Amino acid sequence: MVVRTRLAIAACALLGAAGCSGVEPWVKPYERQNFADPIMAADRNPVAASYLNHVFEAREGARGALGAHGGGCGCN
Amino acid sequence: MRLRSLPALLLLAAGLTAGATAPAPSPAPDFSLPARDGGEVRLSSLKGQVVMINFWATWCGPCRKEMPLLEQLQAKYGPLGFTLLGVNVEPDSAAATAWLKSVPVSFPILFDTRNAVAESFGVQGMPSSVFVDRAGRVRYVHRGYQPGDESQYADLIRSLAKE
Amino acid sequence: MRHAFVAAVVLLASLAALPSRAGVLPDDRGDVLYHRYQGGGVTIDGPSLLVRKKFAEKYSVSASYYVDMVSSASIDVVTTASPYREQRDQAGLSLDVLDDKTQYTVSVVSSEESDYSARTASFDVSQDLFGDLTTVSFGFSRGWDEVRKNGDPQFDEPVDRRSYRFGLSQIVTPTLMLGLAYETITDEGFLNNPYRSVRYLEPDAASGFAFQPEVYPRTRTSNAAALNARYFLPYRAALVGEYRGFTDTWGITAHTLRAGYTHPLGQRWVLEGGYRWYQQSAADFYADLFPRADYQNFMARDKELSSFTSQMLSVGATFELPAFADRFLQRSTVSVFYDRMRFSYDDFRDITAGGAPGSEPLYGFDADVVRVLFSGWF
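Chains A, B and C, in that order, give the protein sequences.
The first sequence begins at 1 in my numbering and counts up one residue at a time.
The second sequence begins at 1001 in my numbering and counts up one residue at a time.
The third sequence begins at 2001 in my numbering and counts up one residue at a time.
Just so you know, these hints were derived from the structure itself, not from any lab.
Bear in mind the structure is a predicted one, so any value in this text is a computation, not a measurement.
Keep in mind that a hint or two might mislead.
Incomplete in silico selection of chain B near chain C, CB under 10 Å [said to hold, decoys possible]:
#1 Cys-1060
#2 Gly-1061
#3 Ala-1094
#4 Ala-1096
#5 Thr-1097
#6 Gly-1144
#7 Gly-1148
#8 Gln-1152
Quick reminder that beta carbons are idealized off the backbone N, C-alpha and C, glycines included.
Make the full structure from the sequences, and use the hints.
Structural data, given as structure tokens:
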């Protein structure tokens, strides 16, 4: 059962198909108003945010793993 | 969370792309929702008409874009026995009421605040348009909105109106 | 500066990270930012511009231009050289293509200053799955840098850079979204600053120490992994938290913790605040003071590779402007952000403060960052 679950999820990922959905979405498309709210956006001000990230990268030794996709209204 | 076998998965994947899909005709789930003007609208009372149920929300960009075009469809095909129902899925109707002041529409706007109707129709994307024929059966489901889809809507309405 | 590549990837990451909504391209917009960093004897300010436009609901093009005007009398500069002025110009172009649930992004960035050129090209793919609750993204960047040295026209060294990144974003409940990001970056070439020196004990010298040029390894591979959460509060506000862990082949490990809060006020205001904590441990070949000349193969005294902690407190306010030019602009906002940073070094000493070599006080400084932003949507 666990193996079949993993295979199904792997198949979904491989298909990369639009709307591949063996798993029922538990947050419905009409329940996504909070993620469509601009205050929940990862980068409301992309230019301002990228500048601050640039300050960190210039002054610190660490780098990478910034930027997030996803969320939003989930429309279309 | 239900897991389906791979063949069904593939069929589902094919069927869930944005665009119109035509499942086998089945009776549309009946519902009764409060309307913007204060009354109530029951779907079964519209039997004999072609009905397009458009699920929308003010927070959904493509939904807002689509609205004026839906009004044009209502104006053009209303005389053929066609009604659009704009079902707003937001828990708080205040945003919809306010927004509609700037985009007036003549077709009924219904408030599905508890999302029971959206759930019964299995809405899979925003916006979603369900086309119901004169016998009250679901004939087409259109998911999403891209500019140009309104001509698809017009084709579907015309073919259903002819029946 | 060697950070140009990372600066480019950072810029591109945030350009590509513009609301990557399932099946919806980012909004058309124009942004004009004035940025200013002041601290530790360094003042850097300049503009940052961005314009983004959709075509045929399938393509989104963005163009960016960024300038750093540097006036530096930093601790490194005053102890080994003289204060200088410099300008770095950076221009970028990106194209997003939307194909149902998949978004492809191609971008290029070019950065120029008198002693450093950097070109970066990137490709990112982002895919929505599982009813659009999950977004998976992959990205790759390649950079070609040229390190030069003011005053030495023969000095021209290349740096080759590659970055591979993976991201996963998951909507968990109608109010909570989690994200995971992983990025590995490899650099190969001349990786240090050609002007920087290390110091070593030299009893014959008046100060007790002397300088020699830094020597860095010719390769560096780093791995970073981050976990973040965004939570929607019922009275309409947003809470965000993030942790990032970092290690690299130079022996540096670092932890970053960040928390932020966004609060809308009335119809026109959005206030925000945040705190960030960063701690890193020094590179293997870093030392503030080496026991003698040529002590080991690789030697560094760059305080960015030392052990230190930095903290930052941020506040910001955004105001929604009343409609103007509304034949052209749908809406516009003006924002001001202020951040206060504090750096405390554990093994980098302030040799301007005097004292026996190796017992000078540890260095630390505060910095102010100001950003003023005008954004317009059309």
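How the hints compare with the structure:
1. Cys-1060: holds (9 Å)
2. Gly-1061: For Gly-1061 (chain B), the interface hint holds, since the closest Cβ of chain C sits about 6 Å away, which is under 10 Å.
3. Ala-1094: violated (13 Å)
4. Ala-1096: Violated: closest Cβ of chain C sits about 17 Å from Ala-1096 (chain B), beyond 10 Å.
5. Thr-1097: violated (16 Å)
6. Gly-1144: Check passed: Cβ of Gly-1144 (chain B) comes within 6 Å of chain C, closer than 10 Å.
7. Gly-1148: Holds, about 9 Å.
8. Gln-1152: violated (15 Å)
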